[in-house]
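What follows is each chain in one-letter form.
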Amino acid sequence: MKVFGWLVDDVSLLQANLAFDEVGRRYESIRLAAKRQEPLQVFTGSVEQGEWHAPGGESFIASLLEDAGLSYVFQDRLGRENVRIPLEEMIEIGRKADAWGLVLHHSGSELTISELLQKDDRNRLVLPDSRRVFVANTSQCDYFGWWVARPDVMLENLTCLFEGSSCSMDMEPCFKWLTE
Amino acid sequence: MFNGYGTVFQVANGMKYSGIIGLAFAAILILSISHLLWGSTTMDWGSLGSWFGSSPELAATVFFEVRLPRVLMAIAAGAGLGISGLMMQTWFHNPLAGPSVLGVTSGAGMAVALVVLTGMGGGWLVNSIAASVGSWLALALVWGVSTRFRGLASLLIFGLMLNYVLGALVTVLQAEAKENALQQFVFWGMGTFGQATLLTAGVVMLLVVIAIFMAFSLHQNLDKWTMGEITARSMGVDESRLRQLLILLTGLLAGSITAVCGPVAFLGLATPHLVKLLTPHRSHRRLIPMTALIGALLALVADWGVKGLGVFEGGWPLNAVLSLLGAPMVIWVLIKRNFTHS
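Residue numbers (our numbering), protein chains in the order written: chain A, 1 to 180; chain B, 1 to 342.
Please note: incorrect hints may appear among the correct ones.
Said to hold, decoys possible - Think about it this way: if two alpha-carbon atoms lie no more than 25 Å apart in a straight line, the pair counts; the simulated DSS-like pairs of lysine-lysine are:
| no. | chain 1 | residue 1 | chain 2 | residue 2 |
| --- | --- | --- | --- | --- |
| 1 | B | K16 | B | K178 |
| 2 | B | K224 | B | K276 |
| 3 | B | K16 | B | K336 |
| 4 | B | K16 | A | K119 |
| 5 | A | K35 | A | K96 |
| 6 | A | K176 | B | K178 |
As the list claims (entries may be wrong) - Partial list, computed: chain B residues near chain A (C-beta under 7 Å):
| no. | residue |
| --- | --- |
| 7 | W38 |
| 8 | G39 |
| 9 | T61 |
Honestly, the hints are just simulated from the structure, not real lab data.
Please read these numbers as outputs of a predicted model, since none were measured by experiment.
We treat Cβ as the ideally placed atom computed from N, Cα and C, and that holds for glycine.
Just chain A, same shape as in the assembly (with noise of 0.2 Å):
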């Protein structure tokens, strides 16, 4: 933002360092306002040939996570970078997590729990017990764009869904729970 506020005049280079403090104050405020006693323990990632692939604990929506004030399980399984875990591990994992995330590409209707199962046969043996998953659809909201440029808009999405029906947002949130 502030790269290319510099590349285009003096005026561009001061409005973007405006736009970028406000986001970071907004993140903050947001941050702190989403901690929680004891945090939900969340996972993300899918199933790629027999193997899980996730996030590291050092990756951006490690962070965001954390900071929306929830637990994220490959926490200490550091580099930004994915890591690959064993899936008889990811059945434990799941069956102890109470969320499933997930960013991933459906074009057509809204994505369904049992559609995500028939993606894959590996994907009902890491489903939480909840049966709780949240996706962000790229075919269905800039995620790799806009919002990655907005992370307080991301970081209020996250807290909004995981507070329930109290929280609402001014926009169409991109992170939203599967249905059965």
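Starting from the structure of chain A, add chain B where the hints point.
What follows is chain B alone, placed relative to chain A:
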């Protein structure tokens, strides 16, 4: 430099056929048990029976959904691809022939690329169905062509050209694909035994057993075929029938295994070479059972590499491990043959 390895093979050559078969069988048993026992989950073996109840315990789920299907799939794929490679090498009189030479694996790859890279599907089930359909279409094409071409070299070249054409089409699809679809296709291309379920591993195992019996029933004709086409014909071998049976057998094996595991490298090519290094027997009555066993053994050994040898986390992709195992093996065979000839 090679004396140590040479001694191993000399000892193996000196052993009775039944001794090598027994050793291979014992090694498969030990490796299978080690795969079933070892894993990242601490197992409560007493709870395995809960699998048959309504809410299986963790150990039962891990054992019946992950470890057992993976071991069965490795055995089936190793045996199946080994037999498939042996059949192709015998038929083409060419030590570089393998199950992929007829374009069956490429057919499966093209079909999976079509559904994954164009966003038509991409789930495991869709990929498996696409791979099966693709391999059977390629097989039908090769079958049709084989009735037109008389010479072995022509069919071999046709298979290679089919591989090139399908490979080019896959590259075009890759160039146009979205990032996540491309990632999924790359993962599929790495191959794995870990995607099998009890049902798919069981079905492939059944097909492999049927194919081994089919191959065994052809052993006399295959022995005659190794003496040369003209000699084989003069000894009453029905060339057309033998060719069709071998194409069917190879397609059945390579197609079903690729559908579940993705393209699996080198097992089909390397296994027959290793078998011929271990035993002086050249009769297919002996070669077929030994190839099935050694293929299964190689697959189980490779799967330890995929699991990180139990030492480091993550492990390597199956095709990387198989290529690292298989390529030196084939080079070793070439070196040994050159020493023998000189």
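Practice task
Compare the distance between the alpha carbons of K176 of chain A and K178 of chain B with 25 Å, and conclude whether the hinted pair is satisfied.
Solution key: 23 Å, holds
Exercise for the section: Return the status of the interface hint for W38 of chain B: holds when the least beta-carbon distance to chain A is below 7 Å, violated otherwise. Expected result: This interface hint is violated because 11 Å lies over the 7 Å limit.
Practice task
Take the C-alpha atoms of K16 of chain B and K178 of chain B, compute the straight-line distance between them, and say whether it is at most 25 Å.
Solution key: The hint is violated at about 56 Å.
Exercise for the section: For the hint on G39 of chain B, just tell me whether its beta-carbon gets within less than 7 Å of chain A. Expected result: Since the shortest Cβ distance to chain A is 5 Å, the answer is holds.
Practice task
Given the hint that K35 of chain A pairs with K96 of chain A, test it: the Cα-Cα distance must not exceed 25 Å.
Solution key: Given pair K35 of chain A, K96 of chain A holds - Cα atoms ~21 Å apart, limit 25 Å.
Exercise for the section: Starting from K16 of chain B, check that the Cα of K336 of chain B is at most 25 Å away, please. Expected result: At roughly 21 Å apart (the allowed maximum being 25 Å), K336 of chain B and K16 of chain B satisfy the hint.
Practice task
Sort out whether K276 of chain B lies within 25 Å of K224 of chain B, counting only the CA atoms.
Solution key: Roughly 17 Å separates the two Cα atoms, so the pair holds.
Practice task
Verify the proposed pairing of K16 of chain B with K119 of chain A, using a straight-line Cα cut of 25 Å.
Solution key: 50 Å, violated
Handout entry: Interface hint compliance - T61 of chain B to chain A, C-beta minimum distance less than 7 Å
Key = At about 6 Å, which falls below the 7 Å cut-off, the nearest Cβ of chain A leaves the hint on T61 of chain B intact, so it holds.
In summary, the numbered hints that this structure violates are 1, 4 and 7.
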